[in-house]
Amino acid sequence: MEIFLSIPFLIFMPLAVSLLLISPLFTRNEIVIRRFSKSVFLFHFFYSILLLAFYDSANPYVSEIHFFGLDWIQSMGIKFIFKIDSISMIMTVLTSFVFLLAAFASKYNIRKNHKFYYSMLMLLMSAILGIFTAADMFVFFLFWELELIPAYFLIGVEWKEPVSCYDNRQDAKNSAVKFVLFTFLGSMIMLLGILLLYYYNFVSSGTLSAGFSDITDSLIPDGMQNLIAICLLIGFGVKLPIIPLHTWLPDAHTNAPTPVSMVLAGILLKTGAYGIFRFNYQTLPESFMKIAPVLAVFALINIIYTAFVAYAQTDIKRIVAYSSISNMGLVLLGLCAINQIGISASFFHMTAHALVTCGLFMIAGIVYLRLKNRDINTLSGIAAYMPRLFGFAALIVLASIGIPAFAPFISEILTIVGAMNSDFSDVLKLVSVFALPVLILSSCYMLKFLHNGFFGEGEYEKIYDISIHEFIVLASVLAGLVIFGLFPDALLNLIQAG
Amino acid sequence: MLNDIFNILLPHVCLAGFIVLQLVLSVVMPIRRYKPARFVSLTGIALSIILLSTVQTEPQYFAFKDSLMADSYTLLFDFIILLCGFFVTLLSKNLVKTMKRNAYTFHAILLTALFGAINIISANDFLTLFISIEILSFSTYFLIACAKGYYSKEAAFKYLLTSAVSSGVFLFGVSYLYGITGSINFSLIYENIVQQNGSVMYSISAILIIAGLISKLALFPFANWVIDVYKGTETSILAFLSTIPKLAVFGIVCRLFVFPLSGSFELTFAVAFVSLITAFWANTYAIREKNVKAIFACSASANSSYAMLAACLVSVYNLSAVIFYLLCYVFMNLSVFAFLNIYGDKKIMNISDFKGIFYTNRGLAGAYIVSVLALAGIPITSGFVAKIYLFTAVASSGLIFIPFLLALLILTVFALFYYLKVIFPLFEECGKNTDEKVLHPVFSQKFVLVTTVLITIFIGIFPEKLIELCRFIAYNI
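Keeping their order, the protein sequence lines are chains B and F. Residue numbering for the first sequence follows our numbering, starting at 5 and increasing by one per position. Residue numbering for the second sequence follows our numbering, starting at 360 and increasing by one per position.
The hints are simulated quantities; they were obtained by calculation from the structure and are not laboratory data. Note that the coordinates shown come from a computational prediction; the quantities given were computed from them, not determined experimentally. There could be a bad hint or two in this list.
[As the list claims (entries may be wrong)] Taking lysine-lysine and the DSS-like style, the derived pairs with C-alpha atoms no more than 25 Å apart in a straight line are: (1) Lys-507/F - Lys-456/F; (2) Lys-116/B - Lys-780/F; (3) Lys-796/F - Lys-649/F; (4) Lys-182/B - Lys-714/F; (5) Lys-649/F - Lys-177/B; (6) Lys-116/B - Lys-796/F; (7) Lys-164/B - Lys-714/F; (8) Lys-796/F - Lys-177/B.
Isolated chain B (complex conformation) (with noise of 0.2 Å):
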């Protein structure tokens, strides 16, 4: 069984059929396309499920690619090496899922262009999943660079005729253009933070290697480490994002088309806290330890200003954009507890908000293909012509804003304890006073969404009710999430396995 089971594969298979799409010499044949790449992002699910079927938290799958024998860039140290360890085992499987979802959701939100969209969408899952797994800080960065292509074009390129007055092509353009801006900049400062600590650990311990498990942070000057743990935070915090660095976020989200949506709101957020857990947590735990408190005041500000921001919104897609933002502030809450429940609860966190985050831009990408509207003040009686779509709605905006049976509740829960928990600060104790209560904020902007949306008269002409594309995206999610929160063992046992 181990043959069959690579990582190279599972991260190379996407980039390889990414080129395949986007050769002269696949078909033009939008059906066959789309048929094609949905049958590819199932069977890599299926495949990343069996990983994680054989998954043994004893020894991590490891591999390393050479290159005629000799590493990638051996006079520098530079392997191209791979290891799946739970967590990357937990957001490899979850990326794939949310990929697969987005394969779905595409059959009516893209209509032209369909073979460059595929491919890039290929790139980006390739992209990810080598963040995901990547054993060596510099294949880190290549794939955090390489992610930003696929996702420039996504955002920015046109996908469909213009509809309404939401459908602005330059709005599109100017915030992928922001995106990817901010995007660079963060990497570059964050590479600044690589090279140090390379560098640093090469004089102080004489090794000379980027692998994660070769660096010696404690032979590394206190100074120098604080200087590196920041460099590379501010990189990190672009993506997350911490306040700040976030005011790409909500344009790229809104102006992305559904699908693209729901992949950067459900896994791209998720690579910059994987990043901090990875190279503060794991690998500069002294001074991430210092760090901490300052960055869990940074985590409270993320969950109260942008659910106070959320409320304010009246376009549906803002609102779930910012209620993002909140939802990544309680996951670097959970990391900066700097304990297992805090980082266990982190990483439930993500895979919940991903799974609701889904749902919601789903959901709102389905209220605009019929209405042409996501202006929340002028939608009203949705629930009367589309019943189905209302008790997905519905099941779902509770998910979000926390009511037992569903995974964010357990998640939230966890943090708070966790963060309460910590034993090194008492800020953190303080911050999670005051996170407790905030959390009620959520329910206020979810249920606005909810009610002027959905409840109260409304005039339409025949509406359909969601299809069955959209039942599965919907239905999975749901499923995900009541599975999640009524057995979260199973999950949090593989977190705290490793």
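For chain B, the structure is supplied; the task is to place chain F on it using the hints.
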């Protein structure tokens, strides 16, 4: 003397022979038979590349009373310069068609420029260096001016003026250095300086010499020419202008940093500042620019400044990084200009002219996008590896230069912005009134584009062997 020629100068002699041949042909051949000119040039360059194998490099060979030298470093640069010359000659087909009468003369001048460039690399004293630089510059004026129209003449004149000024500055610096040390030979100067332990005069002369040389690299004090000149130059000549003078001058500047001018810390700092200012100027200027040629002019300037920062912090590691960066950079640039050449030269090439090219010419546009992204330093291309390697070299040069590095890294974000601005219109749909433009490249243009893009991707995936080569050469300088 004959011994010297046979040992290291056969490629030079071969090129010189073909220059004479072209000039003779220009008199003998009838006007309508202009086509063989290109093939004569290609044969000459190919023959010189083959003759490079006869050059003796172990460990170093000095010829003509120490005025010329050869080692593995010069060999590598000669090879790359001649290869670039080969590609440029392939691209020049459309340009030559517009001036049938002067086709042979044009090719003679192109070969002369190549001759000057490889001579710069081999120079071992300041006199040879100066003469070689002038050979290269004078040929370049003619090459720029040979396209039809007012713009090219303006560009050539601007280039001439800047080059003249910078030559003056260079000579001034050399005269000081001669005054201090009593010699113009690199090795003798180096020995003298080591004994004297450096002085203010020495630093001033070193700064003047480098300031004179970096005008060819479009670095700050002499950078203003670059935008106007690029705007007015034909694309195949741009492929020449952005690679060959740059390679030649970087080749000699790196050697100067290592040998005769190594004792001056002021010089290092001055050059580091200059490269920072250049990066700032070039990257911010390009943001508002709409002309594609002008954007690539800024990009050329910015790229030299990154390499210059690493080059001035002299060490084996940095030197190998610079060499590797240059090798990657010339191929990216060649492919960019090959695409512009296929697109067809126009007086003003705006970004919006490229609308919708991706949908009509997928292969060509894809290659162009890859090379532009390589310039921006996006992975799977050589640009990513080159940038990482270069920045690692700077980071390992000491804490003082970390702020410089940070500034450069932030400036590359601006660079990404304008590179994206260049490629985005390719994906836009054309308006209803405009025709879809389908490109019809000839074989030689396609060959250049495909080869250089493949090299770019290949180095990006398998960089190790080339890095080892660069290390070996940097170690043996």
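Hint-by-hint comparison with the structure:
1. Lys-507/F - Lys-456/F: Roughly 11 Å between the alpha carbons, so the hint for Lys-507/F and Lys-456/F holds.
2. Lys-116/B - Lys-780/F: Within the cut-off at roughly 22 Å; holds.
3. Lys-796/F - Lys-649/F: Distance of about 20 Å is within 25 Å: holds.
4. Lys-182/B - Lys-714/F: 21 Å, holds
5. Lys-649/F - Lys-177/B: Measuring from Cα to Cα gives roughly 17 Å; hence the hint holds.
6. Lys-116/B - Lys-796/F: 20 Å, holds
7. Lys-164/B - Lys-714/F: 18 Å, holds
8. Lys-796/F - Lys-177/B: Status holds; Cα separation ~23 Å.
The structure is consistent with each of the numbered hints, conforming to all of them.
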